[in-house]
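Protein chains in written order, with the numbering used here: chain A, 1 to 340; chain B, 1 to 340; chain C, 1 to 340; chain D, 1 to 340.
Careful, some of the hints might be misleading.
Since the list gives no way to pick one copy over another, a pair counts as held whenever it fits inside one copy or between any two copies.
To be verified - With a straight-line cut-off of 27 Å between C-alpha atoms, the simulated DSS-like cross-links for lysine-lysine are:
hint, residue 1, residue 2
1, K161, K217
2, K23, K301
3, K309, K161
4, K43, K161
5, K257, K217
6, K22, K301
7, K309, K276
8, K46, K149
9, K22, K331
10, K272, K23
11, K23, K331
12, K337, K15
13, K309, K149
14, K337, K272
15, K309, K337
16, K45, K276
17, K149, K300
18, K300, K23
19, K180, K276
20, K149, K301
Because the hints were derived from the structure by calculation, they are not lab data.
One-letter residues, chain by chain:
There are 4 protein chains.
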Amino acid sequence: MINLRNDYCGVCHPKVLDALVKKSTNVYVGYGLDTESSEAENKIKKLINNNDASVYFTVGGTSTNKIVIAHALPSYGCVIACDSGHINVHETGAIEATGHKVLTVPNINGKLTSEGIEFLVNGHPDFHMVKPGIVYISNSTEYGTVYNKEELVSLSNTCRKYNLYFYIDGARLGCALTSKVCDYSIAEMAELCDAFYIGGTKNGLILGEALVVTNRKLNEDIRYAIKCHGGMYAKGFVNGIMFNELFTNNLFFDIAKQENILAERLYNELRKLGIKFLFKQETNQIFPIFNSDIIDELSKKISFEVWSKEEDMTCIRFVTSFLTTNEDIDKAIKVIKSYL
Amino acid sequence: MINLRNDYCGVCHPKVLDALVKKSTNVYVGYGLDTESSEAENKIKKLINNNDASVYFTVGGTSTNKIVIAHALPSYGCVIACDSGHINVHETGAIEATGHKVLTVPNINGKLTSEGIEFLVNGHPDFHMVKPGIVYISNSTEYGTVYNKEELVSLSNTCRKYNLYFYIDGARLGCALTSKVCDYSIAEMAELCDAFYIGGTKNGLILGEALVVTNRKLNEDIRYAIKCHGGMYAKGFVNGIMFNELFTNNLFFDIAKQENILAERLYNELRKLGIKFLFKQETNQIFPIFNSDIIDELSKKISFEVWSKEEDMTCIRFVTSFLTTNEDIDKAIKVIKSYL
Amino acid sequence: MINLRNDYCGVCHPKVLDALVKKSTNVYVGYGLDTESSEAENKIKKLINNNDASVYFTVGGTSTNKIVIAHALPSYGCVIACDSGHINVHETGAIEATGHKVLTVPNINGKLTSEGIEFLVNGHPDFHMVKPGIVYISNSTEYGTVYNKEELVSLSNTCRKYNLYFYIDGARLGCALTSKVCDYSIAEMAELCDAFYIGGTKNGLILGEALVVTNRKLNEDIRYAIKCHGGMYAKGFVNGIMFNELFTNNLFFDIAKQENILAERLYNELRKLGIKFLFKQETNQIFPIFNSDIIDELSKKISFEVWSKEEDMTCIRFVTSFLTTNEDIDKAIKVIKSYL
Amino acid sequence: MINLRNDYCGVCHPKVLDALVKKSTNVYVGYGLDTESSEAENKIKKLINNNDASVYFTVGGTSTNKIVIAHALPSYGCVIACDSGHINVHETGAIEATGHKVLTVPNINGKLTSEGIEFLVNGHPDFHMVKPGIVYISNSTEYGTVYNKEELVSLSNTCRKYNLYFYIDGARLGCALTSKVCDYSIAEMAELCDAFYIGGTKNGLILGEALVVTNRKLNEDIRYAIKCHGGMYAKGFVNGIMFNELFTNNLFFDIAKQENILAERLYNELRKLGIKFLFKQETNQIFPIFNSDIIDELSKKISFEVWSKEEDMTCIRFVTSFLTTNEDIDKAIKVIKSYL
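Between the sequences and the hints, there should be enough to build the whole structure, so can you do that?
This is the structure we're talking about:
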């Protein structure tokens, strides 16, 4: 079975696991107040060229989103997202469970636009409606697309204009930043928003996300929110060790870039075979469309997720991970060819 | 520095880490639906001799408590605990953040009693007050004490009498079950309650708790609650691998028992030196009382937490972990002797 | 100034106020457990021909919606509504503040359809997404339209098929039931749903809604939810007296019918003048569309709300209330004519 | 039957009802933005001698408490109260339903002390515990006692010292301010706190409380919180009319004072008969203690609530209301005498 189901399918990148093994007899203080976390934080602050930022290592994407959004909003505040946003669709109401509405506009290729934000802000003028307080995007998006710099600048300006926090869910930030279409550095992105997280779970770690907060007001007392919303990790130093390794010798970017390259190769080969895609390939997720009658057979040889169905065509999702090899891609192409 | 600060101070027990390394090139499906989780679940079901139970591997204690309690209660329902209960004191309002009151009575040696439950139930007779719906205890308790069988049977009967779920926080369940004062098996305990969790974080794992649900009604749709309350672990198979190893060759119990033995030795030696304790030693936490003027010096040689102060006496907490050795205990005794 | 702004613009219908004055020296028990509430409840149960129903008199529409929806749902449950639903737009996130997502589909003339429900239910198949648990409609709708029997039967069947509660917000139920297009009685409607409320605030009372619960499971412990979500009225007997009067000699229906008739007359006269409307008139709300340049002048003579603007046209809303007279309508027509 | 059960037993004070009748053909705008509300607000601002204050007319005590507390706190914040506080006991978890813990210390005669606040603040030093953000007291208290000026000043200073909002639940504020033991004016009290509400429901109105906010930061956007937490009253002008009347010719104080005088007379007469009380009489609630064996008989002649039982003695509560007369008190004394 060729695995193209997701990017959280393997335990851990070997270098990260080595680091854990090497440090497994050490003793650390808990709750992220340890030296490894502190070192990892400093590396990230250097990377984004912002010594005033704060970095917190949390346990997962959904709980990180809960923490930031619940922390940013007053009780009647809402978060703006596009309809395909992870917080709107795939978190079982986790944001609403903290008491806040997710206000949405239709996505454009998985993206939220400044026009969308303006439309929602203008449509919510008084106390009979929720008050927008924070904007959420994911980068790369749920559809594997990447915001370009112009789009981010525009979103950032719109947020500042309307006094909204700007928060970026970076579950797959590595793949966004190493995409061939990406025209900015992580430091440039960090300047444009108030908080973002660097996804570890989908970039080779056992678990863990690095929440980076650059807005001082948003940063205040945020450890309380982390604990209250269930995202505090007793053995925070494990995250510290892993992120420390991830930001050593460029590993974070190397893992992501390799995933992008493999996805691109698969995408190009399939296009040569005449296969259509729901979106252009930009990162490690691609969405080929097949005749529905081959899906069952295909799924016996390749592991993937079905994305959507329309009459006799079915769109599926292939995702490359840190475990994916060139051989996997060769085999996948061969299998698919055999069904065309 | 001798570490007696807590039991979540080291990365992972070597056997568990070995298992992760061995399986680190495997590919798994996400969200706990993998074969490792399934194997680990089966081992736990066998251990408690209950084939109808369900087991879920979650990311941490606070979020597991949130999940179970929020899942068990209607919007106006409350959870009963003793005042020293972890959910009442050390979770930054995580339970209240799900909308529910923690209703408390004073603890007796860290324990909740049936009389306490009766008192609260009788004091909350109508719709002007919250409605008790679930009872929470931790075993071992926050004070390191262990419920005996008679106490658990009594609590269980009281819960059934008043139609309350009975839930046991087992963050340190290993130490409770392997305590010299424990007079029941995990299977006997499981029969008395509706749900409990087996703590991994404080028993040698990188992270993770095994939530065991034996009540069928409580079990319904609980995966939704796990995701909604931020406790779903994308790489659930990592927990699967770790718990699988933990319940191989008695490792879970061996780790805990060794911690208890070391704590007991330290306790006995200190008592011989005339030192008083806040509670009798039953598990891996002990609470010696020293003259306040030696605390500062002591803390330069031994890492520990200050528990409480009263005038010129200070109670501190020593905790043994899977990393603690006989040599650590020897050294600690020597250091303490030097200050008496 | 001619008032056509809303139907909650005057203190109280004179007959209801008389009843309050007459009974103002009586002594009652609190919290709706009084004889007046009990009499009013019996009248409503007789009206819907259901002796097993329960009726609760609450303080307002938003809090009644909060109560029913929060009571119906588990922590990860969501409510289905159409996008124009009051709970989705005009309650400042009151439903989300109880922890629940409002899941929406586009409205058809202000209405939710069975197809919409099916679409949402099928799109939410597993624990990664919220679980639909209750369906919300308002009747009459936010656009003044009325569900016909076929539509209600279809919605009811769909709810039963998918094990969803069916709840009707009747803030303007009087106007729906007395609409010329309504083809069912309140008893027939009551049979099709699990709970609904009869709006008093917008039908001549000082305040108050009558929440009717016909589903036994939903009814369980609901007084706790009423208190917990802030909808318990200490002087419940005031609601009792008012609803008692409202359901004496058909007053509830007479008030609503008169409002409908006046709105219809205004609608017909304006149509004769060539004015277009956003929706057909069915109840006491009508939505004429004018050239934007007359709106300012019009607003000096008539009080109304602006509904929406598109380029040079503006849709406004006229609402008749228990205070509206035939003379008001005459004057309004005359004013409008003068601007055409 | 002599009614001494509570102070929310009658529809409305006749003068207030007259005002409603007189204005019942007027047309007003909704949601408290009307002229009557504005006039009433101005009267209250003049009364407290603070032109910068804001006043909002809400529907009930529990929802007003929800609004203020949820508005004042971040997601991990908690409210400090004494254990007998209304929000802790008699609101069915309404505060917790907004996500916040009620942190308590034992009351002293129904009161919270500065020492109690200090104890809780010092016991909650870091992010593992909830963060105190607002202090709640009721005046008069649940036991009918009244804070004196020294106590209020001390509480106020403690709140300022620890950066806590200070909020006073004035459900029975009239009775506190007109108590013979009260040594401050409403203006002096207003200066010491950040927000308080003036109870209308228990002081002769059909319903309604006047929330007075003097702290500018707390005032920001509070209308959103009022709507979100279900306390917005569509016909806000009804509250406006009633409070306008209540603060005309001293009516608010006259109603309360008369209640206090009647309660004092009953208290003094019963003490002459040798009856003991749980608390000294200070306002309109008194708590006599009788032999338990006469309670049943007594309850056939007088309507009251049982407060607490201890062995063969029972404490009951008598409350005077705007409907209570001197004759009621005479009769009550006569009845009680007949059982001694």
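Each hint, compared with the structure:
no.	hint	in the structure
1	K161 / K217	both (17 Å within a copy, 22 Å between copies)
2	K23 / K301	between (39 Å within a copy, 22 Å between copies)
3	K309 / K161	between (40 Å within a copy, 24 Å between copies)
4	K43 / K161	neither (32 Å within a copy, 38 Å between copies)
5	K257 / K217	neither (34 Å within a copy, 47 Å between copies)
6	K22 / K301	between (37 Å within a copy, 25 Å between copies)
7	K309 / K276	within (14 Å within a copy, 41 Å between copies)
8	K46 / K149	within (21 Å within a copy, 55 Å between copies)
9	K22 / K331	between (35 Å within a copy, 25 Å between copies)
10	K272 / K23	neither (48 Å within a copy, 37 Å between copies)
11	K23 / K331	between (38 Å within a copy, 23 Å between copies)
12	K337 / K15	neither (35 Å within a copy, 44 Å between copies)
13	K309 / K149	neither (33 Å within a copy, 34 Å between copies)
14	K337 / K272	within (11 Å within a copy, 67 Å between copies)
15	K309 / K337	within (21 Å within a copy, 54 Å between copies)
16	K45 / K276	neither (41 Å within a copy, 48 Å between copies)
17	K149 / K300	neither (41 Å within a copy, 49 Å between copies)
18	K300 / K23	between (41 Å within a copy, 23 Å between copies)
19	K180 / K276	within (20 Å within a copy, 53 Å between copies)
20	K149 / K301	neither (39 Å within a copy, 51 Å between copies)
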